[in-house]
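Q: Construct the complete structure from the given sequences, taking the supplied hints into account.
Residue numbers (full-length UniProt numbering), protein chains in the order written: chain A, 1 to 302; chain B, 1 to 306.
The set of hints was computed from the structure by calculation and includes no laboratory data. Wrong hints could be hidden among the right ones.
[As the list claims (entries may be wrong)] Here are the simulated DSSO-like pairs of lysine-lysine, each with C-alpha atoms no more than 27 Å apart in a straight line: (1) A:Lys31 - B:Lys270; (2) B:Lys113 - A:Lys31; (3) B:Lys270 - B:Lys198; (4) A:Lys31 - B:Lys198; (5) B:Lys198 - B:Lys115.
[As the list claims (entries may be wrong)] Cβ-to-Cβ under 7 Å is the rule here; a few derived chain B residues that face chain A: (6) Thr25; (7) Pro34; (8) Val37; (9) Leu108; (10) Thr129; (11) Leu132; (12) Pro133; (13) Ile139; (14) Pro151.
[As the list claims (entries may be wrong)] Footprint (simulated), chain B over chain A, 3 or more residues, beta carbon under 8 Å: (15) 43-55; (16) 60-73; (17) 79-91; (18) 95-102; (19) 133-146; (20) 223-234; (21) 245-258.
All values derive from a computational prediction rather than experimental measurement. The C-beta atom is built at its ideal place from N, Cα and C for all residues, glycine as well.
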Amino acid sequence: MATDTQSQARSTDRSLSDRLDAWLAEDMSPKRALGVYAVLGVYMSFLLLPVAYMVMATFTSPDFLYSPRLVPALSELTLQNYVAILSTGLFQQYFINSTIVATATTAITLVVGTLAAYSMSRFEYPGRSGLLFTFLGTQMLPRVLILIPFFLVMFSLNLIDSLLGIVIAHSVLGIPLGTWLLKGYFDDIPESLDEAAKMDGCSHLDILGRIIVPMSLPGITVAGFYTFILSWNDFLFVSILSQTAATRTLPFGLQLFQSQNTVAWELLLTAATVTMIPVVVLFAVFQHWIVEGLASGGMKGT
Amino acid sequence: MATSTDTGPTAGGYVEEFRSFLEETWLGYALVLPAVVLMGVIIIFPTLRGIQLAFFEASLLNPEQQTFVGLQNFAQMFADATFQSALWHTVLLTSIAVSLQYLLGLGLALALKEKVPGAGLFRSLSMITWVLPIIVMVIIFRFLTQTGFGPVNVILDSLGMETAAWFGRPGVAFPLVVLMHVWRNTPFYAIALLAAMKSIPETQYEAARLDGAGPLQRFRYITLPQISYVSMIMIVLHVIFTFNNFDIVFLSTGGGPLGNTEVLATYIYKQAFQQYAMGYAASIGVVMLLIMMAFTVVYATLEARD
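A: In structure tokens form, the structure reads like this:
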């Protein structure tokens with residue numbers, strides 16, 4: 001009897017560990033999986049807890065926020081911070097400016113970058129390889145060195161304190177990496193497809209519009225996302241070009257919020273949370289392409 | 001019909017070929033032109049002007065009036081203690097932050113490579129810190145370290161330890177700046193290294209296992225050599241990025257307390273846009289550029305020799 005229950009216990013035990021084993025990959029023991037989860041858990045807490053804590057704090061009343069406690073009571077949860085921030089005129093203005101600038105920057109960079117990448121991927125002409133090298137080399141330049149004469153150039157072009165000036169500046173920041181990423185994707189499309197299309201009477205621009213662009217949509221998405229966050233997140237160039245509230249974007253606006261002597265943390269944290277929502281949502285939507293693209297697509301452009 | 005294909009290289013054929021070559025070249029240039037013009041006007045020209053400015057004395061308030069001073073701006077740096085400490089902080093910040101990011105990123109990549117359920121979710125979640133605007137990151141870290149109600153100080157207080165406004169504390173502000181760099185960039189290293197690791201054929205590991213190689217040996221002799229190219233790209237990119245980075249320091253500490261976190265980028269910004277010393281600011285920018293070029297050349301040469 002005793003041995004029976006023992007063996008029975010052992011068999012259910014085994015079937016449990018068997019099930020766990022089957023659930024895990026072949027060469028993964030449960031012990032090893034636990035170790036991996038522990039490591040990932042520590043990393044993820046380090047990376048995500050600060051963000052999660054900020055988001056939690058935005059849903060609480062100042063009574064909790066300014067108290068030396070870590071967890072709010074249910075009665076302290078509120079949406080009043082969001083109501084306050086979203087009805088602030090200046091914040092609305094910054095949000096609209098950011099949206100216009102980042103969208104226009106992404107559109108310009110993608111059009112200009114696609115044409116440039118197509119040219120570098122499919123055409124032979126003197127100076128072609130040097131061109132891409134020069135584009136990428138500009139990434140090495142200290143932005144603050146460019147800033148001084150850049151300010152003077154924008155001044156003489158009458159682009160100070162205009163959204164157009166900011167869009168142009170951001171586009172130029174996005175073009176080198178955008179072009180490089182896109183060229184990597186274009187190079188992967190077999191040229192025999194171009195030849196076949198030429199036989200059918202397609203022009204170069206037909207080939208670009210009907211073959212190259214549709215076939216590299218993941219690459220275009222990655223380049224577009226990269227440009228969008230570059231523009232949405234930029235502080236330095238906006239701080240130089242924007243002189244009035246009419247052209248301020250969110251990062252510069254938030255900085256002004258922060259540098260006042262008494263910081264209204266409940267509003268600042270809420271504004272910061274709203275500022276990050278668009279990039280986080282875009283990232284969530286396209287994350288598969290972005291993670292794959294930045295990791296492998298970015299590497300193959302060389 | 002048959003004759004036209006069989007004629008071979010005639011004069012007409014050459015003309016045709018030359019014409020199509022011209023057309024190709026012309027269209028190639030035309031397509032790349034918008035990018036070249038934008039880059040030229042907004043980046044290349046200002047850079048060349050910036051380099052030129054380094055040899056002049058000029059004020060931002062009166063940019064038309066520039067006096068040629070030769071190497072005087074560069075000589076000024078030798079007597080400028082703030083410049084020297086900013087240079088030292090920049091080098092220190094870059095080397096510590098990039099080393100930590102690489103090691104932690106490598107660790108994270110190795111963990112993410114394990115085939116546990118949910119690894120894909122972890123992989124995506126980790127990239128969040130990389131897409132956040134820098135100002136948002138700075139606001140988060142400043143909030144966490146507030147006195148009185150910031151969670152870090154609340155926890156320290158409950159443990160009976162010292163509390164402080166940590167960003168204003170000399171000796172702590174600099175490590176906090178390093179921490180923010182690490183927090184932000186580690187996932188990017190991890191994702192890139194992970195992709196490189198995944199492209200290594202599994203058969204190589206199996207062969208090594210059959211030959212009796214342990215996990216450490218497999219890592220040393222199979223994984224490490226095959227991620228060296230991506231490692232180089234990541235390290236060079238981030239050295240350049242960290243060395244030139246302006247936002248993180250400017251927005252979090254502004255270079256303080258007492259110049260403890262002043263880096264070259266923030267110092268140039270202050271010289272140019274607060275002291276209006278355009279020429280001197282530009283000359284420091286040129287020094288930064290030279291250091292980065294030297295670094296890139298040396299690193300690429302070392303890597304090519306391996």
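Q: Each hint: holds or not?
A: Going down the list of hints, with the structure as the test:
no.: 1; hint: A:Lys31 - B:Lys270; result: violated (55 Å)
no.: 2; hint: B:Lys113 - A:Lys31; result: holds (16 Å)
no.: 3; hint: B:Lys270 - B:Lys198; result: violated (45 Å)
no.: 4; hint: A:Lys31 - B:Lys198; result: holds (23 Å)
no.: 5; hint: B:Lys198 - B:Lys115; result: holds (11 Å)
no.: 6; hint: Thr25; result: holds (4 Å)
no.: 7; hint: Pro34; result: holds (5 Å)
no.: 8; hint: Val37; result: violated (9 Å)
no.: 9; hint: Leu108; result: holds (5 Å)
no.: 10; hint: Thr129; result: holds (5 Å)
no.: 11; hint: Leu132; result: holds (5 Å)
no.: 12; hint: Pro133; result: holds (4 Å)
no.: 13; hint: Ile139; result: holds (5 Å)
no.: 14; hint: Pro151; result: holds (6 Å)
no.: 15; hint: 43-55; result: holds (count 9)
no.: 16; hint: 60-73; result: holds (count 6)
no.: 17; hint: 79-91; result: violated (count 0)
no.: 18; hint: 95-102; result: violated (count 0)
no.: 19; hint: 133-146; result: holds (count 11)
no.: 20; hint: 223-234; result: holds (count 3)
no.: 21; hint: 245-258; result: holds (count 5)
Of the hints listed earlier, those the structure fails to meet are numbers 1, 3, 8, 17, 18, in rising order.
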